[in-house]
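S.K.: Sequence:
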Amino acid sequence: MPSTAQPPHTPTDLARHPHFTLPDFGYLPPAVYRSDIDAIEHDCRAWIRHHLGDAYPDGASQERFIEHDTTLWKLLAYPTARHDRITEMCNWNDFLFSLDDAHVYASAEGARNEHFDLYTRVVNGEGITRTKSGSPPRASPTDSSTLSIPSPTAPAPSTASWKTTAWHSRATCPIRATPCAVTPRPCRL
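In numbering that gives the first Met the number 0, the protein residues as written are 0 to 188.
Be aware that a few hints might be false.
Unchecked claim - With beta-carbon atoms standing in for the labels, derived distance ranges:
#1 ARG63 with TRP91: 12 to 22 Å
#2 PRO17 with TRP72: 39 to 49 Å
#3 ARG15 with HIS49: 53 to 63 Å
In case anyone wonders, no lab produced these hints; they're calculated from the structure.
By construction, the Cβ of each residue, glycine as well, lies at the ideal position given by its N, Cα and C atoms.
Sequences and hints are given; from them, build the entire structure.
M.R.: As structure tokens, this is what we get:
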């Protein structure tokens with residue numbers, strides 16, 4: 000502990016430890032804050048309680064999940080998104096994190112067996128309804144009456160199709176319509 004006679008962080012003291020200086024990030028835009036963040040977060044938490052209740056063994060487990068503030072992450076990341084779009088994004092985000100938690104807290108084989116059908120149905124754009132005995136079916140996060148997010152599209156049949164978006168091997172760049180110097184190469188806009 001440094002003595003009170005000298006400041007705790009002198010230049011000599013700092014030189015003994017690895018350190019770095021961050022550049023000036025003056026080009027970053029100013030922070031933006033949603034004025035309706037509390038209302039949206041409240042609505043999304045209600046959505047979690049209503050639609051994802053069956054993903055947790057009890058109410059306490061669900062409340063622990065809600066305390067992770069997965070909704071808040073999207074609200075802070077997309078502060079200018081329309082109200083309806085950010086609500087849908089938050090619901091989908093919470094749904095995916097909820098599926099992840101269901102696997103983390105289950106045995107590997109049990110989670111794989113129990114949720115394989117759910118994965119298949121999500122990938123195919125079908126609805127998911129899972130009920131506990133004695134409870135009524137709940138609306139699915141992929142049900143069009145619950146959310147207006149379009150169904151996922153099927154991946155292209157060719158495994159090489161991803162190359163057309165990031166790489167190309169034609170004489171002319173498909174994005175800039177100019178000859179490419181080296182092919183294949185990443186397209187730099």
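S.K.: Could you run down the list of hints and mark each one as holding or not?
M.R.: Evaluated hints:
One distance hint, 12 to 22 Å for the beta-carbon pair ARG63 and TRP91, holds here, with the actual separation near 21 Å. Roughly 31 Å separates the CB atoms of PRO17 and TRP72, a value that falls outside the hinted 39 to 49 Å. In this structure the supplied range 53 to 63 Å holds for ARG15 paired with HIS49, their Cβ-Cβ distance being about 57 Å.
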